[in-house]
Amino acid sequence: MSVTGSTLVLAAPSARRTPRRTPPRPQGPYRRLFALPGTRGFTAGNLLARLPMGMFGVSAVMMIAGQRGSYALAGAVTATGMAATALVAPWTARLVDRHGQARIAVPATLIAVLGSLSLVVCVRTGAPAWTLFASYAATATTPNIGGMSRARWTHLLRDSPAAHHTAMSFEQAADELCYMLGPVLAAFLCSVVLPEAGTLTAAVLLLTGMLVFTSCRATQPPVSAGPRRGSPLRALAPLLPLFLATGVVFGSMEIASIAHLGALGLGAASGPVLALQAAGSCAAGLLYGTLRPLGLRTCLVAMAAAMTLPWLAASTDSLLPLACALLLAGMATAPTMVTAMSRVHALTPEGRLNEGMTLAVTAILAGIALGAATAGTLVDHLGPSAAYALPAAAAFLALALTKVVPVSRTGLVP
Numbered sequence: 030m031s032v033t034g035s036t037l038v039l040a041a042p043s044a045r046r047t048p049r050r051t052p053p054r055p056q057g058p059y060r061r062l063f064a065l066p067g068t069r070g071f072t073a074g075n076l077l078a079r080l081p082m083g084m085f086g087v088s089a090v091m092m093i094a095g096q097r098g099s100y101a102l103a104g105a106v107t108a109t110g111m112a113a114t115a116l117v118a119p120w121t122a123r124l125v126d127r128h129g130q131a132r133i134a135v136p137a138t139l140i141a142v143l144g145s146l147s148l149v150v151c152v153r154t155g156a157p158a159w160t161l162f163a164s165y166a167a168t169a170t171t172p173n174i175g176g177m178s179r180a181r182w183t184h185l186l187r188d189s190p191a192a193h194h195t196a197m198s199f200e201q202a203a204d205e206l207c208y209m210l211g212p213v214l215a216a217f218l219c220s221v222v223l224p225e226a227g228t229l230t231a232a233v234l235l236l237t238g239m240l241v242f243t244s245c246r247a248t249q250p251p252v253s254a255g256p257r258r259g260s261p262l263r264a265l266a267p268l269l270p271l272f273l274a275t276g277v278v279f280g281s282m283e284i285a286s287i288a289h290l291g292a293l294g295l296g297a298a299s300g301p302v303l304a305l306q307a308a309g310s311c312a313a314g315l316l317y318g319t320l321r322p323l324g325l326r327t328c329l330v331a332m333a334a335a336m337t338l339p340w341l342a343a344s345t346d347s348l349l350p351l352a353c354a355l356l357l358a359g360m361a362t363a364p365t366m367v368t369a370m371s372r373v374h375a376l377t378p379e380g381r382l383n384e385g386m387t388l389a390v391t392a393i394l395a396g397i398a399l400g401a402a403t404a405g406t407l408v409d410h411l412g413p414s415a416a417y418a419l420p421a422a423a424a425f426l427a428l429a430l431t432k433v434v435p436v437s438r439t440g441l442v443p
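Read in order, the letters of the sequence shown are residues 30 to 443 in my numbering.
Because the hints were derived from the structure by calculation, they are not lab data. Note that the structure is predicted; figures quoted are calculated from it, not measured. Ideal Cβ positions, reconstructed from N, Cα and C, are used throughout, including at glycine. Accuracy of the hints is not assured; some may be wrong.
[Said to hold, decoys possible] Label-pair distances were calculated between CB atoms; the ranges are: (1) P190 - H410: 25 to 35 Å; (2) H410 - A334: 35 to 45 Å; (3) A429 - A247: 39 to 49 Å; (4) R246 - A415: 47 to 57 Å; (5) L139 - A415: 37 to 47 Å; (6) L143 - G67: 21 to 31 Å; (7) A73 - A429: 33 to 43 Å; (8) T327 - A415: 47 to 57 Å; (9) G70 - G98: 42 to 52 Å; (10) S344 - R132: 24 to 34 Å; (11) A415 - A334: 14 to 24 Å.
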């Protein structure tokens, strides 16, 4: 109440204005993913330990060829290491599933690191050639860090299929990122610092990352004490030929691109152009993690179509069309790998996921070796442009393999 002149004014009490609360902005799928306790720690260790996977091969080739003057010897040593990995990795993965990640991964990593150090010493001191083969074969005990990380996500997100899809997409993008940066870092260290610097740095990163990864015990999948039923090899038998064909795509595309650019006098552009392909796959993987999963056959149709683009672009003898074609081809591979790996999770018997993941990776590595060797033969006999037909043919073969077994919207039905 107040008096104004001769007028009495009655005023109602003013209600307090409550400030409007701005609703919290919805978190993106990746922010929600890494808000889970412990996920940032094991992911940091995972990325540190995964980066050397793209470094060891390039480092060994540059170190051996530089010190011994033989690319044939360097290639034979690395091929032997890949063959040893194909034999040893599934057994290492089986031990990890049976006894736990920390208990097996650390000693297995120490053996691999000692093998790398032995290779450096043998190359440096001029030891007999057989010591190089033995040393590099010892690195086959390197645990499948990508498989162990995916196993942790599967354990944490077993009741959330959408979040699990996002996690698998992130893991695929991490694979591409490390295989894109690893060779570049290795080549820089071996050429600018020391021929041995690439191998030594990779060994330090591997051991450090594995120690960080395994120290995150809270997110480690529990070890089942009960009897283990079912065979991952038998359960994944329909999928392994598909992974083999996909590996042929990767291995043959790399060799065809290097040979084609070299024939055009653009050999120095090989690294950036291949990195562009990996960058496309990395970006597509992260984007795919925010979208609804596609069917496996749909992904393979897109990949098969995309793999014809570099073949067509090679006929122009121009760098820009080829670079764009490889970028699009890379973008088509990530959804395929994410969806196929999800089927590995669905089909692998309980308690043996790391072994199942390692079998899939082993099939991919075998395909990469087969694709690289076959593409090299095609380059020698038919020319580099013709070699681009191989990744396209392998992609169509992978698509044809899905007709052997029934396929649902999300992939292969057991």
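Can you list which hints this structure breaks, lowest number first? 1, 2, 8, 10
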